[in-house]
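Here the protein sequences line up with chains W and R, keeping their order.
The numbering of the first sequence is my numbering, which starts it at 1 and goes up by one.
The numbering of the second sequence is my numbering, which starts it at 1 and goes up by one.
Simulated from the structure, these hints should not be mistaken for laboratory data.
Keep in mind the model is a prediction, meaning the values are calculated, not measured.
We treat Cβ as the ideally placed atom computed from N, Cα and C, and that holds for glycine.
Now the stretches of chain R that chain W is said to cover, found in silico as 3 or more residues with beta-carbon under 8 angstroms: (1) 205-217; (2) 221-230; (3) 267-275.
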Amino acid sequence: MTMTLNVTALTVHSGQRQLVRELSFQVQRGELLGVIGPNGAGKSTVIKAIAQVRRYHGQITLNGQILANLPPLERARHVAYLSQEDALQWALTVEDFVSLGRYPHRRWWNDERQRATDHAAITHALHVTDTWALRQRPVTTLSGGERARVRLARVLAVEAALVLADEPLAALDPRHQLQLMALLQAHCRAGISIILVLHDLTLASRFCDRLLLLQHGQLIASGTPSAVLTTANLRTVYGITALRGEHQNQAYLLPWSAAETLPINH
Amino acid sequence: MADSRLILSSGLPLLLLLSLLALTIGAAPLTYAEVAAGLLGIGSEEHCLIVQQIRLPRVLLAWLVGAALGTSGAALQGLLRNPLAEPGLLGISASASLGAVLVLSCGLTSVNLWLLPTGAMTAALVTTTALYLLTRQRANNLTLILAGVALSALASALTSLVLNLAPNPTDVQDIVLWLLGSISDRSLTDVWLCLPFVILGLGLLLRCAPALEVLALGEAEASSLGVEVARVRGQIIIGVALCVGATVAIAGSIGFVGLVVPHVLRRLVAQRPGRLLWPSAIGGAVLVVAADVMVRLLDTPKELMLGVVTALLGAPFFLGLVLRTRSELG
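Whole structure, please, built from the sequences with the hints as guidance.
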C-alpha cells in the first residue's frame with residue numbers, strides 16, 4: 001500500500017502571531033522525516049496541525065484524501081500522535097495504558113477476531129519498546145525513560161501508517177535514545193512513515209532519511225541530512241559550529257561551539 | 001472487565017439487602033416478611049401504607065441520589081482528570097440549590113411542580129459550563145478547587161440574598177432545612193419528579209465511558225485517537241447537570257458522595273476512568289442507603305439530616321485527600 005502525506009501552504013496562527021508560515025512538504029511511505037529547528041521554530045505546531053489537534057489554514061492530505069474531512073476514528077487509524085506533554089493522571093497499568101492505542105479500532109459488538117488483533121498489536125508494541133516486563137506496573141511508578149518508551153508503545157499499538165512523534169527522545173538516556181532511533185528506523189523500513197521532532201542533531205543526521213529545518217515558522221531547508229545541516233545553515237539558524245566526521249561509513253555531526261555572532265534575525 | 005463485574009455482582013445484592021433493611025426500620029419496626037407483604041400489597045392495609053407510601057420513596061430516592069452523585073463525581077474526575085472533582089466541592093450542588101431556592105421562593109412550584117427540577121438543573125448547567133471554561137487551559141488541582149470555591153461562594157451568597165429578601169419567614173425556615181439535604185418525608189411524586197432526569201443524565205454519562213478511558217491521555221492525544229472531545233465534554237456537562245440538578249431539587253444538597261465513592265472504588269477497577277462509572281453508580285446508592293439507615297438508627301433527640309451526616313463524614317475524608325495531594329497543590 002502506498003502512503004503519501006501532502007502538506008500544502010500550512011499556516012498556523014496564535015492570536016495575531018504566525019507560528020507557521022506557508023509550509024509545504026511531502027512524506028512518502030517508509031520515510032523517517034526529522035523536523036528540526038531552534039526553540040520556538042514551530043516544530044510542535046506543525047505536528048499538531050497534521051494530527052488535527054490544532055486549527056490551521058492550508059491543506060493536509062493523506063493518499064489524496066483531505067485529513068480534516070475524514071471521520072475521526074478512521075483518521076485515527078491512519079495517523080497516530082505522540083504529544084510532547086505527558087498528561088496522564090491515573091495510575092493505569094502499562095498494559096491498560098498501551099491498549100488505549102486500540103481505541104480507533106474498537107467495534108460496537110464484541111468481536112473475537114478484533115480482540116485477538118488488538119492483543120497481538122499490544123503485545124508487539126510492548127516487545128519492540130522493551131516494556132513487556134513492565135506490563136503489570138502502574139505507569140505512575142515508572143522512571144522517566146520507561147514512561148517515554150511506554151508512551152511510544154501506546155502510539156505504535158495504533159498500527160497507523162503515519163506516526164507523528166513530538167520529542168520522544170527528551171527524557172531518555174543515551175542507550176534508550178539510540179535504541180529508540182533504531183526502532184523507529186526499523187519501523188520505517190517495514191513501511192511506516194514517521195515524522196519526528198527532535199533536538200539532537202547528531203541523531204538526526206544519522207538516523208533520519210530527510211530533514212525539515214524550520215526557523216520562525218518558516219522552512220529554511222529540506223532534504224537529506226547532509227544537504228540540510230550545512231555549516232552555513234547551522235550558523236545562521238542555530239548560531240553554532242559543528243564537528244564532522246565519519247565512522248563505520250556513516251557521516252556524523254557533533255555540535256561543538258556557539259558561534260561568536262548571533263544568528264541573523266535573533 | 002472482571003473487576004467491574006465483580007463490583008457490580010457484589011454491589012447489587014448488597015444494595016438490595018441494605019434497602020430491605022431500610023424498609024424494616026422506622027417508628028413502627030416491621031419484620032422482613034411484613035415488608036415483603038407490604039411491597040407486594042398483600043399485607044395489612046397499615047403495613048402496605050407504611051412500606052409503599054413512606055419508606056419505599058425514601059429508599060428509591062436514596063438510590064437515585066446516590067447513583068446520580070456517585071456517577072457524576074466519577075465522570076467529572078475523568079473529564080477534568082482530577083481526583084478532587086466533585087459536584088459539591090465544585091459548586092454545582094450549591095448552584096442547583098440556588099436554582100431550586102429561586103423557584104421555591106418565587107412560589108413557582110404552585111404554577112408547575114416540574115419547574116423545581118428545571119430551575120435546579122439550569123443553574124447546575126450554567127455552573128458546570130463555567131467551571132469547565134475556567135479550568136480547560138490547565139486542569140491543575142489548584143485552579144479547579146479555587147474555581148469551585150469561587151462558584152460555590154457565589155451560589156451561596158445569591159442563595160442567602162434570596163432568603164434575605166424572602167417575604168415569609170416560615171418559608172425561609174423550611175427552605176433552610178431543605179437545603180441541609182434530606183430524603184425523609186418524601187413521596188412517590190418526588191421520586192417521579194427526578195427519576196426521568198436522573199435516568200437521562202446517567203445514560204449520557206455512562207455512554208462516555210470508552211471516551212473517558214482515552215481522555216486519561218490528555219485531550220490532544222485523545223482527540224488524535226478519534227475521541228470527539230467537544231462532544232464528550234458536552235455530554236458529561238449536561239449529564240452532570242441533569243443528575244445533580246434533579247436530585248438536589250428533591251433532596252437538597254448531599255455532599256461528598258461523588259468524591260468518596262469513586263475514590264474508594266478506583267483501585268478496584270485498576271484506575272480506569274471509564275470502568276469507574278457503573279461501580280460508582282451502585283456504590284453511591286449503597287452509601288446513601290447506608291447513611292440513611294444510620295441516620296435512623298442513631299438515637300438523636302432530633303433526626304439528623306442526611307446531608308449533615310455525609311458532610312461530617314466526607315469533609316475529613318476530603319482533608320485527608322488534600323493532604324495526600326498537597327505536593328501537587330503547592
